[in-house]
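Number of protein chains: 4
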Amino acid sequence: MLVIMNPNATEQEIMRVAMFLESKGFEARISHGEVRTVVHAIGNIDVDKRDFELLSGVADVIKVSTDYKLAARVSQGQDTIVEINGIKFGDKYTGLIAGPCAIESYDQLDKTAQELSESNVKILRGGAFKPRTSPYAFQGLGDEGLKILRSVADNHGMAVTSEIMDASQLDLFMKYVDVLQIGARNMQNYNLLKEVGKIHKPVILKRGLAATFEEWLMSAEYIMAGGNGKVILCERGIRTFESYTRNTLDLSSIPVIKKLSHLPIIVDPSHGTGLRDKVEPMSRAAVAAGCDGLIIEVHYNPECALCDGAQSLYPWQYDLLYKQIKQIAPIVGKEIV
Amino acid sequence: MLVIMNPNATEQEIMRVAMFLESKGFEARISHGEVRTVVHAIGNIDVDKRDFELLSGVADVIKVSTDYKLAARVSQGQDTIVEINGIKFGDKYTGLIAGPCAIESYDQLDKTAQELSESNVKILRGGAFKPRTSPYAFQGLGDEGLKILRSVADNHGMAVTSEIMDASQLDLFMKYVDVLQIGARNMQNYNLLKEVGKIHKPVILKRGLAATFEEWLMSAEYIMAGGNGKVILCERGIRTFESYTRNTLDLSSIPVIKKLSHLPIIVDPSHGTGLRDKVEPMSRAAVAAGCDGLIIEVHYNPECALCDGAQSLYPWQYDLLYKQIKQIAPIVGKEIV
Amino acid sequence: MLVIMNPNATEQEIMRVAMFLESKGFEARISHGEVRTVVHAIGNIDVDKRDFELLSGVADVIKVSTDYKLAARVSQGQDTIVEINGIKFGDKYTGLIAGPCAIESYDQLDKTAQELSESNVKILRGGAFKPRTSPYAFQGLGDEGLKILRSVADNHGMAVTSEIMDASQLDLFMKYVDVLQIGARNMQNYNLLKEVGKIHKPVILKRGLAATFEEWLMSAEYIMAGGNGKVILCERGIRTFESYTRNTLDLSSIPVIKKLSHLPIIVDPSHGTGLRDKVEPMSRAAVAAGCDGLIIEVHYNPECALCDGAQSLYPWQYDLLYKQIKQIAPIVGKEIV
Amino acid sequence: MLVIMNPNATEQEIMRVAMFLESKGFEARISHGEVRTVVHAIGNIDVDKRDFELLSGVADVIKVSTDYKLAARVSQGQDTIVEINGIKFGDKYTGLIAGPCAIESYDQLDKTAQELSESNVKILRGGAFKPRTSPYAFQGLGDEGLKILRSVADNHGMAVTSEIMDASQLDLFMKYVDVLQIGARNMQNYNLLKEVGKIHKPVILKRGLAATFEEWLMSAEYIMAGGNGKVILCERGIRTFESYTRNTLDLSSIPVIKKLSHLPIIVDPSHGTGLRDKVEPMSRAAVAAGCDGLIIEVHYNPECALCDGAQSLYPWQYDLLYKQIKQIAPIVGKEIV
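If you read the sequences in order, they're chains A, B, C and D. All residue numbers for the first sequence refer to this note's numbering, where the first residue is 333 and numbers rise by one. All residue numbers for the second sequence refer to this note's numbering, where the first residue is 333 and numbers rise by one. All residue numbers for the third sequence refer to this note's numbering, where the first residue is 333 and numbers rise by one. All residue numbers for the fourth sequence refer to this note's numbering, where the first residue is 333 and numbers rise by one.
Bound conformation, chain A alone (with noise of 0.2 Å):
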């Protein structure tokens, strides 16, 4: 940690932050600038800044450490890989997730799938409990959804990927569920983080709608902390000024992770933007910044969705979007199977 005294702290200021660090367990090193002084608190103690920050003659306080480590870049020398039913994320591969926001039924479900098993979807997303912001919308088939999930995943031999909502939903997950996602609004509920970091199955974090890059990470440290590293990053926008899209899908978050962490990072392109005009371009912009992959909302018959159906794709919309991706990722050094 660095103390930034004022230009005009005295000597005795001074020594009261080197006394009160140390009183802390820190060893205080003073360095004296031109202008300013800076005491180096060393030692790996965890404090609180602002402790230091109301003393009098402090200008600022500088946490150096971050907090995540197992989450860090410099934590392991690879990327990691995460690998579900022969689909890669992560490294130079790029993989693709996709089917309706909500399974309605075991036919609308079947139908999506069918289409998308045709252009090479290996993975099946579809959500059994739904998030909504008004208690009088539509919340999802639950448990009987996740069981039509399976069903009709292992019919077309896919994997599938469904959003869990709080952690009492952990057994039936572990039943019906390859992937569990954890959705914008619970990327700080660390009940449900700490418990999804028991389990063996990947992990998809998203993005809260206004989490920095670093409480995003912290967010998959809790999962880590807990013994499970197979965690993919999920961008999906965040909240800005700009109310014209849904959210600002935020692609500089792809560099950007990738040079904090090593973990993968994927875009949700749908709720990114929440209408179906803005998911094409924005997915191929994803691609071409080099995202480790996309998770889509693809729906046979998007006019009578129960649940954003105006941010779905038709399937011949997917198919033709996964044919420009897939000239896209070797321009920049990605594979997409």
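Everything labelled a hint here was simulated from the structure, so no lab data went into it. Computed from a predicted structure; not experimentally measured. Don't take every hint at face value.
Identical copies carry no separate label here, and so any pair may be met within one copy or between two of them.
With a straight-line Cα cutoff of 25 Å, these simulated DSS-like cross-link-like pairs (lysine-lysine) come out [to be verified]:
hint, residue 1, residue 2
1, 424, 530
2, 454, 507
3, 395, 381
4, 591, 655
5, 530, 507
6, 356, 443
7, 655, 443
8, 454, 356
9, 401, 591
Place chains B, C and D on chain A using the hints.
Same frame as chain A, but now just chains B, C and D:
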């Protein structure tokens, strides 16, 4: 719902919109303006407005009805007043809650409560389960903390409030806690909202870091729809581009919520600013803006606090503040006990 | 304009709204819904919608017409194409502009231009007047810089673009510069917008740091209303809560602007990210999303740049990037010379 | 400046940083911590910190010195007090400014000024040049407006303030106006800032919609560096994700600016909220938070205002508000005339 057509929309496009509306159960009423045509969809039917935004010729779609009903001001004639241990929140009453961020020990809490009781505090706050960004930070005393909280409060004739983080903790909170707090990170934890909707204790619902007023009221609606009308909204700062303060305390939420809803709104200046020297001016400002209460962090010895000491007041600071806001309240037509 | 009444609005309140509308020159058409009444104000009259929001019984007021007319897609059948020195921006063409952030000397600019000409660059950028946050930072070479820019460009058969900061500089820019840039900080400098509306040179209008799509198009409208239709919009990142990157480059502006307007939209990944290693992935992403051009900072020796060296590419990096995006463009139906 | 190395940075990388620093003129002092090494760059030299962030092995770079010097609290012992027509802003004084958004006619302004003089207003505001988002909206009366403003104010023994939009208007403002306002959109119009730095009239500098505290103080520094120390900072709301209010009035700027600077800070609740019924609570809140002044829009007949009538108070509302804040000020150690 109102569907606004492009200036150059064709008759065919307008008819298509009208027919699609009628297929969903609406009556479609077409009104030609000088530049644009508007289609008024009559009927109280839940649809995703984006399905209409994607139709050819459509410029914009406006939802006429708010999704919150029970929380809306128009749903009842008078302001809701929530009373806890003789302290009232709402209408002309401004209630006060104070205590440390986290319960650290019987001694710490008792000393703090003793000091606060001398400043007339009747509701004690204290966290037993702490949502921490880092998995390596102090996570609270858990069950043991709640027992200490109850015991100390009983000693001083106080009621207590504490943050519930997961629906699985509900039995525990029913036993020891008078007012449940739902934190900013859990504002859209719908499982938790549904569960606290079934009980009859008051609930303090904090505004999410990136929650609009409408989303906040929708989360209140989740609780009210379950049958629990004792919801107290709590402004605690939003995330903006400015990172100097921990959050940006949005005091305009006070007059806005009072216009939109009958529910009481209180302010948490401690989390809202994150620094002790900002807590006093912002507390006074909140009262001057007409808030229905304050929840303030106070520690008998903030420099040794295990959590958020930097934003905790010294008891003598709280006492001074109490005297100031007691003078300000009547100027704005409010009353502090 | 549409005035949406509260569910419990009285007949009297509705009539008051209708009469106030008619006093302003509108025809008021009342439409009763199941829950709410809507008053459709017919007439193309400029009023402040908040005047109606404040009337008793009113829930919301919606402006039906956009304020931009000339910039709106509906105002003309085809995409605007701006051509500069044989390079086209708009419709199926993606144009490229490159050069250093600031003009530092003849030698620096000439060396950079020499390298760029080998990568087929035909439009050279370079700042002579630099908007710097600090009054103590390098402010650019001024007039002298523009002369160097012109002379170097003529040497290499290039056209030039540079940022104009004040209307008083217009004569100078008319003499030396082919394409005027208006920077993000000046997007709402209305005096400047009006002045460049009177000339016939193309104008690159950067998006303000906190400008909505609508405000951005309104600023384009200022220029077009003066008679200059050669406006190129330039996305360069917006300010969000995330401060890791200098700004958040909002690539969804590409499909959004293409829906709302016929004007070409280009992207500035250098200012949009602020760091060299983010410029390449985001440039490729912008092309894959269908942008009409890129403006990229390149310096023959970035480590010695007087300004923004950290976000400038080395010439060899630009060349590599050029080869990548030339491959990506045709996949999305675009053409790079 | 402090260069923080990665935990696994090599000795070679550390030496490269040190040598690069010394090549720029710094003395490099290396301090090894338990986990990371920090290089303290001694010397008051202006460099772009990103140049160091890009070096291999570097995790982060921290600027130790603020770029504003004259505006910084540490630059002088006491708060700056600006006095205009007997009204003081700063230290223990809270000054008041009121008047219409725009000057519409002699009659309109005179009627408003007459009413305001009865509430003890000594400084009249009124816009002659209006920055409007739309080129088709009322742009103000221009020169004629300023003459009316001067004449009406002289009639009532008032001083005047008005917004200057361009450096070319300076002569005009020197003749007619006592206090120059620089609007939010022009906070970083550096040509204008430099010009008003050369005069000796007080300047009200509004905070830009997306300006950090540091950028705001840097803009004040531009004026002060020119020799004009009479700068009054004016908080008028920032842009956030919440669009219910026109802007989010950030009252925490009051205690923050008071910590960082000696300059007076006033609040504009009219633009900060955009709606009349929010102006009163937020004005009271600003005074309770300790602001040094308020600038409030008042119109003798807001319903007929040509501009921003919705956010203008009726004179009787202003009078009521004046009486309230006169009571609140002494509670927080301030004085209103």
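For each hint, the structure was consulted:
| no. | hint | verdict |
| --- | --- | --- |
| 1 | 424 to 530 | neither (28 Å within a copy, 50 Å between copies) |
| 2 | 454 to 507 | within (19 Å within a copy, 49 Å between copies) |
| 3 | 395 to 381 | both (7 Å within a copy, 17 Å between copies) |
| 4 | 591 to 655 | between (29 Å within a copy, 24 Å between copies) |
| 5 | 530 to 507 | within (15 Å within a copy, 29 Å between copies) |
| 6 | 356 to 443 | between (63 Å within a copy, 23 Å between copies) |
| 7 | 655 to 443 | within (21 Å within a copy, 41 Å between copies) |
| 8 | 454 to 356 | neither (53 Å within a copy, 34 Å between copies) |
| 9 | 401 to 591 | within (14 Å within a copy, 35 Å between copies) |
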